[in-house]
Amino acid sequence: MTWGAHQALLPQPCALVIFGAAGDLSWRKLLPAIYNLNVDGELPSNFAVVGFGVGSKGDPDEWIRERAKDGITRFSRRPPDENHFAHFARSLFYVEGSFNDARAYAQLKARLESIDQQFGIPGSRIYYLAVPPNVVGMSVDHLKAAGMVASPSDTRVFTRVIVEKPIGRDLESAKKVIADVDKAFAENQTYRIDHYLGKETVQNLLVIRFANSIFEPLWNKNHVDHVQITVAEEEGLTHRDPKTHEVTGSRIGYYEGVGALRDMVQNHILQVLCLTCMEPPWSLGADVIRDAKSGVLRCLRPLSREDVKTSVVRAQYIAGDINGEEVPGYRHEVREYFASRNQPVPSDSTTETFVAMRLFIDNWRWADVPFYIRTGKRLPKRASEVAIQFKEVPQILFNAHPDIPLEPTVLALRVQPEEGLSLRIASKLPGPKVRIYPVKLEFNYTASYAATTPEAYERLLLDVMAGDATLFMRRDAVEAAWQFVAPILENWENSRERYLPEYRAGTWGPLEADKLIEADGRQWRTL
Amino acid sequence: MIRNSPSKSGLSDPVALKDVERELDRRMFIVQGTGESPILRARMSNLVIYCDRPELANEVANEIAEIVATHPARVLLLLAEPSGEAGDLTATVAVRGRVVDPGRWVCSEFVSLHAKGRAAERLPYAVRSLLIGDLPTNLWWAAPQPPSMAGHLLYDLAEHAQQIIYDSVGWIEPPKVMAATASWLNQFEARPGRVPWRVASDLNWRRLKYWRRILAQTLDPATAPGAAESLSEIMIEHGPHAVIQAWGLAGWMMSRLGWRVQQGHFQEGEEISWQFRSPAGLARLRIRRLPEGTAEVQRVHLNCILQGKPGAFNVELHSDRRISVMPEGVIKAEQRTLTAPVQSRAELISRQLSDRERDPVFHESMAVALILAQRLLGS
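In order, the protein sequences belong to chains V and W. Residue numbers are given in the working numbering: position 196 of the first sequence equals residue 197, and the series is strictly consecutive. Residue numbers are given in the working numbering: position 260 of the second sequence equals residue 262, and the series is strictly consecutive.
A portion of the hints provided could be inaccurate.
To be verified - Sample of chain W residues at the chain V side, in silico, Cβ under 8 Å:
#1 19
#2 91
#3 94
#4 138
#5 357
It is worth saying that the hints were derived from the structure and are not from the lab. Since the model is a prediction, treat every value here as computed from it, not as a measurement. Using N, Cα and C, we set each Cβ at its ideal position, and we do this for glycine too.
Can you build the whole structure from these sequences, using the hints too?
Structure, rendered in structure tokens:
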């Protein structure tokens, strides 16, 4: 259990096999994360990384090492150091092969056995499935057929599988993905990853709540007015060269038809909501915490068709301005993407790039406390936070002026870009008059601990090596989250509306989202 | 002791908008130096300043140190030259640090955004991305153009602002601009259907503080019984460029006295006068421009009944920054004085930043100022 440092489990010797190691996730996140763990001395001494998939050029091992170096140079929280990198690269390999080719698995198996000998690895494996959902079942089947999955009861070696989101695109397909993995891996071998849960602030949510005596007594309907969870992204779905404006990368292929609800709300945001709202767990055991989280999902008030109309807003960005650059709208990007691949250009997309919603948790603690959620692409800045807004003080004394209510007390836990928290309180300005002014008390991880915060993937990979599933999603949580969003998806899919509300890139979303919260006498926070 | 981040002006070379925060962080560390105690990044609010000319932006930039010394804020200084050549939006940043206690540095952040041509339309986007959340936002509309005539750019910039500060000194076409401003105030502050409140504040109103105080004391029934009720003529004299200030004072006096305007007369650059129905019968208020003097109200003359006889109060600003009140037609009258210290624009701004309450007296005065304007405009 790694929540309590004194009880921390150690990462165990193993080989980490990355399926789809030629892809973006591996290049941007996984390889830099493993490199940092290596530099920090966190990895087991008997450890190797093996990439698996197609796309290598020349010598596969050299290719993945170059690719890793490039990814580390661009995206790592620390630049590559020649000595460290040379050490790291020695244990980095690549096996070229198709996910649907049994011979490739045989080659992979043979290579792993050879690496086991080379590095003294006892045969334990972690398979990181950084592949599209439709490849998951096929990969698992082949792993099982090739005899590459140890029994969960084997105490000598372990096999664990990491499944990336999206886990399905609705409840039915999620159940299928889960069942596909189930064919070869037991639940305690399966780690459904949501990298948001690896972020320090998200983990700190529980520490804030349960390691301080002042917050938990206030953490309920009696004191909390409402909660806002925001995941704002500056990026759109297409990356362009800032000088030539030529497209350098695109996520349209993945995103079109998926949208913000599936991409962000169903997983990241609902998981964060669970940590924010769960009942105190009786221990830090993985299943105890996961039980507490599931309890929140089970209490989410189901949305009726009418609720979807009144409590959920979806929208799409149109052309606007980000960081002083004009950027195109989403539909333009979709047309551009498919046309550039000589694929049929879909009729005008109704994929949402923004979602705002109001939801309720029907339990004793949170009865009738609204939770406002918003997430979107091409918003003015990258900023994610959970903000607990406490109830106003009575309208007497300092809050007696009807026109100018005091700014309420807000505890904001910032997930990105700078992890930390702030508490906004009211204070008197110096001077003879009593003038109240909001004061923001801030805590910033980087500034306070004078070190760069480990990336979420670093923490999560270590947890898998240590066998700690606390920060991973259990199947019941995945299914409950899909169950909650199902009426929204159904409503939208049956809708005949061709045009979604729009917002200019570089603004905080559509007017409809403002109306949603302002109808309750509240407003979105300025981030 | 004051310490600037590198370069003579303290300003960086142009940086990409996306790198502004990073550059501010970097400069913060430079200001801190090595081996010293942590710096305090002081910011009570976001202060967005809008300028429409480079000279004005330079003038304002020189006042910022004084403003943030009283009211630490993240300052976003916007310079829009809509008529300039089409160009990009460029950003420069600076960090200024000063020692408050031995070893304790307090730093403030300054971002300057310069937009030419159509790039001015992109300023609101840049502002959104640079505001610090959870802090009040103030927009100082430093351009000479009245905010009521500024169009959508002001509304876009004020999107998240709790207060807009403007300065009516020097405005021209007084009846038109007063009518427009008074109407705009209600619309701007009300934001129909929207939850957030916001206020608009005129620095000229703040400048009138001492005048309002001494006039209220002068006409107080406890010190001059019956004077206010018996007022028959009020004359406000002002220096060049201060007609709006004088009008503001007139609006305030009429709102306090409850006079009902009947008709008005406007002689551009010389005098504006109105006739009223007052408790004493017909009464007159005149605003007269003096050929020289500082751009502020210089004298107020009040004709009334004092001690049962026709008399007057002469209230006058002196060069030593005292406002004196001299009763006329009264035996054994002593001159009374009130100090009206010179307040720089920076000082007025820094005080206004912390003063975000909606001032009902200002609004009542502006409502009367609107009626006065309508009488002149014939509407």
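If you check each hint against the structure, which ones fail?
3
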